[in-house]
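With the hints as your guide, set chain B onto chain A.
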Amino acid sequence: MIGTRRTLLIGGAASLAGAALSPPAWADPAAAGAKPAAAHFKPPLLGDDNAPKRLVVWGSCTCPFTAQLYGLLQKIVADMPQTASVEWRHFPTHAPDPALHVAALGFAGPHFWGFAFRVLGAIYAANGTFDGLTAEKLAAFAKAEGGSEKTLKAAYADAAKWTAVKEDLLAGRLLGVTRTPGLFFNGYFMTPDGMPLDIAAFDKSLRAMLKAG
Amino acid sequence: MIVFATRLAVLGAFAFATAANAAPAAPTAAKPATAKPVAGDPSILSSDFWGDWNKTKTSENFSALTKAVGCAHKSNTPKAGGSQKIVDLAINRPEDAAKFLGDATAASNDAVSANALATVVNMVTSPKTREEAAPLVAPEAKARVEAMTANLSTGIQGLPGIYLGDVPQPKYEAGTQAGEGSGGANTGGGVEASGGSAGAGERASVPAGYAPVVGGSMGCPVR
Chain A
1 MIGTRRTLLI GGAASLAGAA LSPPAWADPA AAGAKPAAAH FKPPLLGDDN
51 APKRLVVWGS CTCPFTAQLY GLLQKIVADM PQTASVEWRH FPTHAPDPAL
101 HVAALGFAGP HFWGFAFRVL GAIYAANGTF DGLTAEKLAA FAKAEGGSEK
151 TLKAAYADAA KWTAVKEDLL AGRLLGVTRT PGLFFNGYFM TPDGMPLDIA
201 AFDKSLRAML KAG
Chain B
214 MIVFATRLAV LGAFAFATAA NAAPAAPTAA KPATAKPVAG DPSILSSDFW
264 GDWNKTKTSE NFSALTKAVG CAHKSNTPKA GGSQKIVDLA INRPEDAAKF
314 LGDATAASND AVSANALATV VNMVTSPKTR EEAAPLVAPE AKARVEAMTA
364 NLSTGIQGLP GIYLGDVPQP KYEAGTQAGE GSGGANTGGG VEASGGSAGA
414 GERASVPAGY APVVGGSMGC PVR
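Same order as they appear, the protein sequences are chains A and B. Quick note on numbering: our numbering labels position 97 of the first sequence as 97, and the sequence is numbered without any gaps. Quick note on numbering: our numbering labels position 1 of the second sequence as 214, and the sequence is numbered without any gaps.
Chain A on its own, in the form it takes in the complex:
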């Protein structure tokens, strides 16, 4: 059930608040008592477990629009930590995507987001080109998040992580996601056509929605 443990994963806010950054249970199904055959990762969460308003994003690690949305949502969660959180769901769209999602799942808690944001940041900076996401570059990202090439290899070797990505992809397709990012809130599919181009207006509208009763 919802614990009191914080999984606030925004570095600045977490460090200022002195919150414990313990690895969340989803990172280790065995430790969480889940049976391997039924292993299902609890989705990574950006923000507080107890935040009452949860945005859910089906995103792609190689999608610059997903990167753009997370840039916006990261600030919203930082500004409204007691109100909003964001749940990550996998929705691979390009050739290298599945492995990138699996690689990110090799990291727990804030390091999941650290790794994912490094990948998304690289994609955004490269204007959507993923040529630069080489094995060497990913190893460098892993190292920056306290891991190594071994961490990536262990993630790639974990069938449950690949399954988790596939389950999310299937769920996203069933929900009607046809392009990323697919943002959901309270039963509403907010972005069936993708990310609104007027980002400032989108940001304002999302904040107003989260403030509303």
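These are computed hints drawn from the structure, not numbers from a lab. Keep in mind the model is a prediction, meaning the values are calculated, not measured. Among these hints, one or two may not hold up.
Here are the simulated lysine-lysine pairs, DSS-like style, with alpha carbons at most 27 Å apart [to be verified]:
1) B:Lys312 x B:Lys270
2) B:Lys298 x A:Lys153
3) B:Lys268 x A:Lys211
Have a look at the derived ranges for each label pair, beta carbon to beta carbon [said to hold, decoys possible]:
4) B:Asp309 x A:Lys150: 21 to 29 Å
5) A:Ala154 x B:Ser418: 16 to 24 Å
6) A:Asn127 x B:Ala351: 26 to 34 Å
7) A:Ala160 x B:Pro434: 23 to 31 Å
8) B:Lys280 x A:Asp131: 35 to 43 Å
9) A:Lys137 x B:His286: 34 to 42 Å
10) B:Lys268 x A:Ser148: 31 to 39 Å
11) B:Asn267 x A:Ala140: 43 to 51 Å
Using N, Cα and C, we set each Cβ at its ideal position, and we do this for glycine too.
Quick look at chain B alone, frame taken from chain A:
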């Protein structure tokens, strides 16, 4: 502290690069890699996944799942004018939820589809609606639905209730939320008049407080 500082710098840089106020140029969709693949290349590592996925999405089971619980037809409706399209996927009537749950459990034939369906069920029905739907489920589907909803209530997948607003607002000490949402006034150009109002017991076509954005949308299309 050094770790925190480093993280702040990294995430801060990311936020800066993609922040709404930074007004970045609209990105283009991702482009295929042109470099020659090498060992450890994520594209190579992903090839088996895509092979498996291609079989899944062309399978009879996928068709059955889509027919049973697929929401894509709702998203395919044309949008009004040039404003952002928003689709309400929630199933609120217990009768509809009963049929949905019966169809969902019948369509699931393996662990992957069962877990995917659990996500879909959690996203479009609330625990309260599922509870009200329970007596209305067809007799032949009752056992399956009970098993599924019991599984959902354990919280294996997500946090039941939170997706559809069933979790009450936690009480924080007075003043702790004073600054939250400041600057978020929904004024200025780029949005339509705020929607979300509906009569008692009705569900609005857009979330309360949200104003659809005008000016188009873009995203990376499904593979």
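Verification of the hints:
1. B:Lys312 x B:Lys270: 24 Å, holds
2. B:Lys298 x A:Lys153: 41 Å, violated
3. B:Lys268 x A:Lys211: The given pair, whose Cα atoms are some 44 Å apart, is violated under the 27 Å limit.
4. B:Asp309 x A:Lys150: 21 to 29 Å: Violated, since B:Asp309 and A:Lys150 (Cβ atoms, about 50 Å apart) do not stay within the stated range.
5. A:Ala154 x B:Ser418: 16 to 24 Å: 46 Å, violated
6. A:Asn127 x B:Ala351: 26 to 34 Å: Taking Cβ atoms as reference, A:Asn127 and B:Ala351 lie about 52 Å apart, which means the hint is violated.
7. A:Ala160 x B:Pro434: 23 to 31 Å: 28 Å, holds
8. B:Lys280 x A:Asp131: 35 to 43 Å: For A:Asp131 against B:Lys280, whose Cβ atoms are near 39 Å apart, the range 35 to 43 Å holds.
9. A:Lys137 x B:His286: 34 to 42 Å: 40 Å, holds
10. B:Lys268 x A:Ser148: 31 to 39 Å: The hint (31 to 39 Å, Cβ to Cβ) holds, given that B:Lys268 and A:Ser148 are roughly 34 Å apart.
11. B:Asn267 x A:Ala140: 43 to 51 Å: Because 32 Å falls outside the window, the suggested range is violated.
Consistency with the previously given hints fails for numbers 2, 3, 4, 5, 6, 11, ordered from lowest to highest.
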